[in-house]
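Protein sequence lines correspond, in order, to chains W and D.
Position in the first sequence (first residue = 1) + 9 = our numbering.
Position in the second sequence (first residue = 1) + 9 = our numbering.
Derived by calculation from the structure, the hints in this document are not laboratory data.
A quick note: this is a predicted structure, and the numbers were derived from the prediction, not measured.
The hints are all genuine.
Heads up, the list lumps identical chains together, so a pair's fine if it works in one copy or across two of them.
Straight-line alpha carbon distances no greater than 30 angstroms define the calculated DSS-like cross-link-like pairs of lysine-lysine that follow:
#1 K408 x K47
#2 K329 x K47
#3 K215 x K329
#4 K73 x K152
#5 K468 x K47
#6 K215 x K47
So the chains spell out like this:
Number of protein chains: 2
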Amino acid sequence: MSTTTAYDDLCRRHERQHRLAHLQSIASWDQSANMPAKGNEARSLALAEMGGLLHQLATDGALKELLARAEGEALDEVQRANLREMQRAWRASNALPQALVEAKSLANSRCEHAWRSQRPANDWAGYVENLREVVRLHREEAKFLADSSGLGLYDALMDQYEPGMRAAEVDRVFGDLRSWLPGLIRDVQAKQAQETTLQPVGPFSKAAQRALGHDAMQLMGFDFEAGRLDESAHPFCGGVPEDVRMTTRYREDSFMQSLMGTIHETGHGRYEQNLRRDWLGQPIANARSMGLHESQSLSFEMQLGSHPAFASLLRPLLVKHLGDQPAFEEGNLHRLLTRVHPGYIRVDADEVTYPAHVILRYEIERPLIEGLIEVDDIPALWDAKMMELLGLDTRGNYKDGCMQDVHWGGGLFGYFPCYTLGAMYAAQWFAAMRREMPDLDARIARGELSAVFDWLNAKIWSQGSRYETPELVQRASGETLNPAHFKAHLQSRYL
Amino acid sequence: MSTTTAYDDLCRRHERQHRLAHLQSIASWDQSANMPAKGNEARSLALAEMGGLLHQLATDGALKELLARAEGEALDEVQRANLREMQRAWRASNALPQALVEAKSLANSRCEHAWRSQRPANDWAGYVENLREVVRLHREEAKFLADSSGLGLYDALMDQYEPGMRAAEVDRVFGDLRSWLPGLIRDVQAKQAQETTLQPVGPFSKAAQRALGHDAMQLMGFDFEAGRLDESAHPFCGGVPEDVRMTTRYREDSFMQSLMGTIHETGHGRYEQNLRRDWLGQPIANARSMGLHESQSLSFEMQLGSHPAFASLLRPLLVKHLGDQPAFEEGNLHRLLTRVHPGYIRVDADEVTYPAHVILRYEIERPLIEGLIEVDDIPALWDAKMMELLGLDTRGNYKDGCMQDVHWGGGLFGYFPCYTLGAMYAAQWFAAMRREMPDLDARIARGELSAVFDWLNAKIWSQGSRYETPELVQRASGETLNPAHFKAHLQSRYL
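Using the sequences provided together with the hints, build the complete structure.
Below you can see the structure in the form of structure tokens.
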């Protein structure tokens with residue numbers, strides 16, 4: 010008889026899933042970045058087949074006993090952490106019937122793909138039919154997950170992205186935000202109304218923007234031997250840790266969205282690229298949570314991007330690729346980078362108005378999943394909340410309203426809060442860095458961004474999923490989630 | 010109990026493999042077209058895992074009895090053809106142990122990937138170490154396949170690409186070729202030495218060549234909603250029928266290789282794009298064989314590309330994308346398109362010297378697989394045969410010699426003869442077309458290429474694997490493989 014432990018058996022099974030999931034990641038990225046229209050049906054079927062297979066492997070009848078036996082085996086701390094993550098994954102997978110997993114994958118793929126042409130056509134009527142089916146399936150999913158975990162319907166979905174986070178906590182944090190954010194937005198706007206800010210004058214060719222984006226990624230430390238930048242309708246960071254696939258989109262009349270979006274995705278990318286190589290294929294190699302992931306992209310885009318010294322690092326790249334112009338003067342550039350302006354599009358939103366977008370999504374998707382509202386109610390709610398939170402009229406403008414991104418169409422219910430939790434974590438990291446390195450801002454001003462990257466690498470990237478989120482946050486910053494740092498950051502930077 | 014037939018069960022299993030293989034195709038294309046260096050190890054492991062899984066599905070213990078039961082079920086002609094192809098696949102898969110399948114996939118991936126940097130470095134010593142392992146595994150494969158099929162070692166490998174073709178037949182056909190080809194090459198060179206041909210003057214930007222390639226694909230009827238053109242070190246046509254992924258490579262000093270290579274791959278692409286949509290997922294939807302596939306690419310690149318009227322179709326595209334120059338005058342352009350010149354690189358070879366490259370590969374790979382020579386013998390044999398067949402000195406020039414393409418490194422032993430069989434089939438198609446359409450050349454001259462495409466679609470593309478190769482060839486052209494058409498084609502076009 011072999012002396013293989015149950016733990017070893019579990020690891021081999023996990024590695025197999027990890028390898029097959031690699032193909033799924035790349036094919037999904039390709040679906041968004043490369044695939045022509047007529048390829049979608051076959052791709053969706055292929056991804057659904059793989060989704061079903063991975064679910065089958067994750068729910069294999071032998072796992073329950075293996076997990077129980079491994080519990081009793083002599084394991085070190087790292088192995089113990091792997092086992093904890095395997096148990097978490099097992100619980101989540103076994104809560105769902107395979108047919109539901111496959112149906113979800115198919116419905117999400119179809120909805121996402123159709124959205125690509127429906128969005129430019131402002132075709133809510135077409136989109137809502139696909140979305141209805143996606144919501145139906147995710148309500149079913151929430152029910153299964155809630156039944157198995159004892160969590161609420163929305164908590165059960167959110168737990169997939171931000172393990173341990175609860176709607177009650179989100180309510181508390183977002184409730185606090187709602188109390189001071191509208192006032193802060195008004196104050197910042199009043200202050201900025203006094204300033205003169207020159208707008209860059211385009212057009213800016215795609216080729217020049219692409220080259221600028223590459224240089225910006227280099228500035229932020231992206232490893233081009235382990236990833237690439239392409240284009241897609243909705244920017245994202247996909248692929249695998251060994252081969253990170255970032256995407257952006259270009260508009261010739263403006264380069265800032267694409268540039269800062271690229272810097273944002275580079276934060277995600279570096280997290281993935283710096284997960285411990287010797288752990289890859291083990292559960293603890295994975296990034297900890299979506300909120301933690303967003304804390305990296307926002308550390309790059311917002312904490313560094315809005316830093317008073319960042320304009321001086323960016324200016325030479327702009328001049329190199331776009332030619333010089335008055336708007337690229339450092340003071341003006343900083344004003345452009347910190348300009349607060351309520352707008353329709355979440356991914357283009359500034360740091361101050363962004364949380365308003367997230368609160369809006371949360372306040373719609375939670376009752377939607379809980380069955381308190383229906384998909385047909387979304388546009389009216391969207392219009393009302395955009396007016397209330399940001400003073401914007403979105404009636405009839407689905408394209409820049411509830412069809413602006415494809416999270417819901419792709420089934421990502423429970424994800425949105427992670428963005429603002431991420432912004433809070435990011436502020437907390439920089440507060441901790443400044444306590445540890447009193448000269449941090451001087452070093453950033455000298456272009457020594459490695460001070461930031463090294464800290465993030467040591468405290469977050471290289472830690473993977475070794476610790477549960479609260480412990481990771483505590484170890485990194487000396488305290489658990491503390492939203493006061495985010496408020497302090499916004500006030501000190503924008504007022 | 011369900012009334013499902015064994016045949017239905019087999020079809021469902023096949024469809025599952027078909028869907029998973031979709032992901033493998035896309036990830037393999039990506040590996041060549043997109044993947045950065047550090048992604049290779051994980052990608053190779055993922056592809057090997059999938060190779061193993063597909064092999065596992067193809068060798069499932071239940072299949073033997075299902076295939077036997079389906080034999081006795083009431084099936085129509087199409088179902089009968091599907092069953093024949095499933096039996097063929099079952100025999101081939103069951104001859105190989107799973108460990109060998111995985112080891113091959115891994116060794117091929119590693120060797121191919123290393124070749125990408127070893128080739129420009131002319132690093133035979135590095136390449137041969139990987140190649141040794143690839144050859145060792147494919148000799149093992151040949152042994153297993155030969156044992157199970159009763160075929161010779163080389164026949165057993167070739168049968169995977171060109172079912173039913175045997176080395177004895179290749180010997181006969183290539184023996185005939187060898188008897189008149191060197192003389193023909195000399196005669197054509199002597200004739201062409203009298204002509205004055207202007208060379209295009211570069212440089213030709215990558216962007217202009219890319220746009221030119223796209224227009225040429227459009228001219229040849231490629232459907233851009235079901236495929237795309239990208240770049241890779243070695244041009245190929247991959248992807249899936251619903252989403253064909255063609256690649257090319259560009260040199261700024263010359264556009265002809267890339268342009269005609271693109272037209273070549275477009276022939277492969279259109280075959281795939283026009284396989285019957287209502288059959289996709291069934292075995293008979295697949296392209297019939299590699300020789301048949303090459304007959305399509307060579308119908309495009311050679312039969313049409315060297316047609317006296319083709320220059321007039323190409324000229325406006327060249328002028329549009331590269332500007333006008335004397336070399337683009339129609340007569341000169343035709344001379345460029347039909348120029349015969351012994352050269353190092355097979356994929357850049359003209360139609361007349363190309364078979365010499367294939368004979369050389371065949372005469373090396375066959376004894377290599379049979380264990381009569383070793384990988385270390387390749388360079389000396391290569392040098393001797395290049396001198397003998399084409400009068401070229403390749404000593405020390407591995408880059409443009411035995412490392413010029415990655416077929417062997419990727420494990421494609423038994424594939425090379427398909428190229429020249431394809432050239433013969435292509436000549437046979439055009440001979441049949443001219444019998445059926447006496448005005449074919451006039452129609453081509455008027456730019457009515459649809460006359461050719463419609464014939465190929467009706468006779469080849471839409472037929473998939475419905476018939477065995479000899480029957481398909483007979484139905485399409487009224488006779489089985491007849492190499493006389495190829496000889497007649499070369500003589501009439503080049504002398």
